[in-house]
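Enquirer: Below are the chains, spelled out letter by letter.
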Amino acid sequence: MADPVVTSHHARAPEAAPGDVVRVTIDGRVVEASPGQFLIAVAEQAGTFIPRFCYHPRMKPVGMCRMCLVEVAGPRGATLQPACYLPVTDGMEVVTTSDKVRKAQDGVLEFLLVNHPLDCPVCDKGGECPLQDQVLSYGPGESRFVEEKRHWAKPTPISDLVLLDRERCIQCGRCVRFAAEVSGEAEIDFAGRGDQVEVAIFEKQPFSSYFSGNTVQICPVGALTATPYRFTARPWDVEQVESTCTTCALGCRVAVQSSANRFTRMLGVDSDPVNQSWLCDKGRFASASASSPDRLTEPLVREDSGELRPATWEHALSTVARRLAAARDEHGAASIGLIGGARLTNEDAYAWCRLAKGVLGTDSVDCQLGDGLPAELVLGLPRATLDDARTAKVVVVVSGDVRDELPVLFLRLRQAVVDGGTRLVELGSVPGSLGTLDVAVGHRAGDAPAVARALAARGACPAGVDPVQWGEALSALSVAGEDGAGVVVLVGRPSLAEHSSVAAATARVLAGAWPAARFLPVLRRGNVFGALDMGLAPGLLPGRVTLDAGRDWFSAAWGQVPARSGLDCAGMLGAATDGTLAALVLVGADPLGDFPDRGLADQALEQAPFVVAVDGFLSPSAARADVVLPVPLAHERSGTTTNVEGRVTRVAQKLVAPGQSWPDWVVAVELAARLGCDLPYSSVSDLWDEIEQLSSAHRGLTRSVLDSLAQRDGVLVPLAGTPVVLSRRPPAPIDPIATPGIESVERQGAPLRAGLAEPLGGSDDEAVVAAAAAAVRGERAEVTAGRGEPAEAGPQVGPEPLRAGAGGPETAAAGAPAAPAGSPGALEGQAAEGQAAAPSAEGSPPERHQRPAMLRALPEAPVPALPPTDGYGLRLVARRTLYDDGVAVDVNEHLASLVPPLQARFHPADLAPSAGPERSLRIRLRSRRGVVTVDALADPSVARGTVVVPFNVGGDGAEGGAARLIGADDVVVDVRMETVAP
Amino acid sequence: MAITEPPKIVTSRLAHDDSHTLERFLATGGYEGLRKALAMTPAEVAAEVDAASLLGRGGAGFPAGRKWSMVRPGPLPYLVVNGDESEPATFKDHLLVERDPHQLIEGVVIAAYALQVAQVFVYIRGELALGLERVQGALNEAYEHGAVGRDIFGSGFSVDIVVHPGAGAYICGEETALIESLEGKRGFPRIKPPYFPAAIGLYGEPTVVNNVETMSNLPWIVAHGGAAFAALGEGRSTGTRLFALAGHVRNPGVYELEMVKTTFRDLIYAPVLGGGILHGHELKAFVPGGVSAPWLGPEHLDVPLGQDEVAACGTMLGSGSIVVMDHTTCALRAAWRITRFFWRESCGQCTPCREGSGWLEKILWRIESGAGREEDLDLLMDACDNIAPGVSWPPQQTTICVLGPSIPSSIASGIRMFRDELLLHVKEGACPHG
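The listed protein sequences derive, respectively, from chains S and U.
Following the working numbering, the numbering of the first sequence begins with 326 at its first residue and continues without gaps.
Following the working numbering, the numbering of the second sequence begins with 2 at its first residue and continues without gaps.
Hints were generated in silico from the structure; no laboratory data involved.
What you were told as hints is all true, and nothing was included just to trick you.
Not the full set, but computed from the structure, chain U residues with beta-carbon under 8 Å of chain S:
(1) R345
(2) S358
(3) G359
(4) W360
These numbers were taken from a predicted model, which means no experiment stands behind them.
Note that beta-carbon positions come from the ideal geometry of N, C-alpha and C, so glycine has one too.
Start from the sequences, fold in the hints, and give me the full structure.
Expert: Spelled out as structure tokens, the structure:
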């Protein structure tokens, strides 16, 4: 009996006091667990797998499939009990392999197969099917069923992306529970009774969830299939790597699968601090866009005839270099602007930042397109982690709809509000998905700073706010500290028709009133946080330092930095229109689609003397460039990305980019060379090494730390800036039944951790963690090479695997710049080998230079004055939607149809009585900037005097969408409504 | 055994055609039990019910007093009355809600007072249209009369009662499924633990769920004292109880009999009761307590109608519904008909019940229609064993609720008692009963 004691790491026992331990005997082995943990999880941690179908570790147990029956000793002898919802108690004795258990398992499987069609050869799930697998392991050898099986029409679409085969369904209820419990959209449910129970949708109400793909991933049979993947691959033909989704800035961990360099699908990986296995449909399905035939495959140069024609890289690059050099020489470096960079990896972004600021010498660089927040505000606000937000006492939301901007964050916060007791107060002029869960305080667009000030002061109800809502908001807030302790604020752009200074002022007000509060900036573009960390914003340098603070440090490392702060995106576009911008570089940026002022973007691209676009697609903006350079997208490159909370995770290459695409950092290096500067990078690893050595935020985050299995969920930076430093335990194994299809990620080992495919002993990770921690403290430490050192990468490895020690002395000899020898933070040993004593061609920063201090203070953000309103004006609210006219959706045959129509929503009282929810009315909206024709809909949730229009939707026509109405300088936008003759 | 003449406890007014009216009710001692209860303390009322040893009349036979003591002392959020009587041949609550709704309401208010409940839900099977109409009508009268609502009879005690019609699912008679249904959800029984609604019941609050007949006994118990009730019957089975007699008997109907003092033989054959088998046929077998219960044969006719006495025979008195089968009955067809009921009414949650019930039904029908194989009997028993391991009584179960382990009862009874007859179906390739 007294065999080795197994300690469980992942106790889920909210009611149990820490330290409480119960001992359970499982098959003769004594196992320790926390009281209240479910037997199935305790057994699994102890190495005993109990078969199951309906149980999912991220949802409440329901005990429906009865597959997990085990024998538990009780007062009336051993009885069969379901392990999935039986809480362990001290002294519990469990047998999982007795004849009685085996017969029960055999019986359940035989029952499940009674009505199952057994069409495995034509089923997508065949080969990764928990039903198939468990029948082979635990089930009867043959069926005794000779009668007619149940028949249904099949498959039936339950949404645009998901098909249902009710004959294969085993009624585990995972999909139904996901909708009810996780996404909160009770749009699918069971209908019928007995063996006629079916998963069904409501009439006239398809399963229109942003998260429908998750039901496909968690379906333990082939009942739910995704239209984009259906019949495209067999599980044994696909290879996969673990990576990070860069569709939005949340950084969900994923497994990317492909077959013969063809993307097949993406699955969510259970990363506890981030996505907990869930993905949004855009992230899951938009990756396929990279395989679109519309991809750019060769450089394009505009010829004298005015046409963009294919060109060689050499011709394209020298054209760009020549024009940029000419601009610099004739008009000064500040006449060159760079917009974009949020699509890049951290390493790419760093290379482009160095090209712009260190080589060209311009500070007019902006990875946001006027649709975000001021960079210094984003970096200056005390950042919350996603777990902070989930465990906050109160979440205050002043942003666009989180379900549209960072969809999986919505799931995490919904769980906090619905199950975790977190209160939530949303400020805005139209209720968002989060506000409808708890308290939504409606106010007029532009009033957010004043309302926020009153809220923080817990003061009287501001004018224009419903006193009942206000009372609820104050009551919700009462659980938080006066100083904002326990408050997490989601700050973003509630409306793109509202100037960013309004959002900035709101954030400033709240940060000033609540010194203990933490903030999550709701910026959604892929790696926007990484790009900001790498300095792709005016006035910033890599490592979250300002231009002034980092001037000496980076001048020494790079040779030069810009003398003065440059322009942001709006400034650059404005400069283009008044002739002071000589060249514009668009790095994965499409101002025509994304910049809120379409008129200005149009004019700027028209007037800019030279435009170069670095992109994977010929976006509307790229189509107007003079030179277009093709680059890899999503899963075609490797490196790292940084999410909204500052978590750095690995992005792994799975596919080879089409045609002649070159990685973004290579383009930067090649351009620099043609501008007379050899950037010393020959691999992504070289870039990361330099980031680690120069960045104040990334000090200590060596490649060996990033590569260690224990840091698989990524690492929050700066390492010392948050209570969570480094994980010291390996992440929980992926439950193969919970997330069928990706159980082999660990076993195969993602290529970036190729050397870690074997189970790790603790020592290597411990050493890595200790070294990183020491580096953060500014000590010197040694990382002993051990089993943790990754070996040669496997066959799936992309061209640039990040490997500890891969740099080596050659890298340094090639001219690694700026090894600040002996400076605090330099890490001797395996990870930093080769740089420590390397003299730089450009000279090391003098010893007296410390790494510059990171940005802490918030910039001043005065509350902008609102223009007077007249009695006829309606205030415009332009909201982002998950699916919009962005190129990744536009070229995707499965997602393009999900873009909402260009409809304007009004309070019914503001609309002519002839319109209603069922009838739309064609109207024109006119602002100072332009006119847009839209369908008008009555929506009682919209505040009086407000019109809500989706942004970057329906703008294909000459007229353009909401962006036609918005002026870049407008604090708020007021529009008038005009009827259109039918 | 002689048939006793106990006091009519729940059927005293049924001789009158207008037994459901407030006038008749008041004229026959109605609401006197409630007035007496309101003069006592809640604890004293509960003590009387405890002293009566009143076993729950819904089927499980759990002592009502003990159920109450699991939530006492202190006010209880909800009391729920289970009137979702839906099993084939079970119709005793049907009689009570239609013919004496005020007695039910009086009992409910007494229970509410004892438990200090302010909100009661009476869940009545939707198909009992007249019963629903009568209970709702009586409830309106009771509010008017001051017997329900605020400050009942000037006592300061207040309770509201809501009548909730079921929507046609047998499973909603299972108390946790009933609670789900009341909450507006699908009638899926809840997983246990928590084992009793007394811990977590309606809307997550502690809840007592009692049967209609159990409630209807309370006015008499309070009026006459728990001891008087306990003096009737024998052993654990005290008082009287309603028996719904159906099947091949001359006088089917509901009979109130003193427990244990009467046998199945009395009930089926006594001229004042069942009056014997129809057409003078022979008795083949009978269902002793609802179609969930294993069958008994003629050799068990002298078993007394008591909870423990019937349990000793490996079956149960259950809901008190007795179905008589004469010698012309096809045992296989009877088992098939019962299995078909459970198949249609399985909620669909648990695999063994959901898939097993349909499979068993198909096998039974195949044998009945002449396509059976000899090994089908073993297959039937083995499939039953996978729903209720051991196929014994009381059953072990692989399912969330007891609907699953109820399925094997009739099949196992048929095979054990009439194996040769079942095999004859196989040999002859047709039902021997035509």
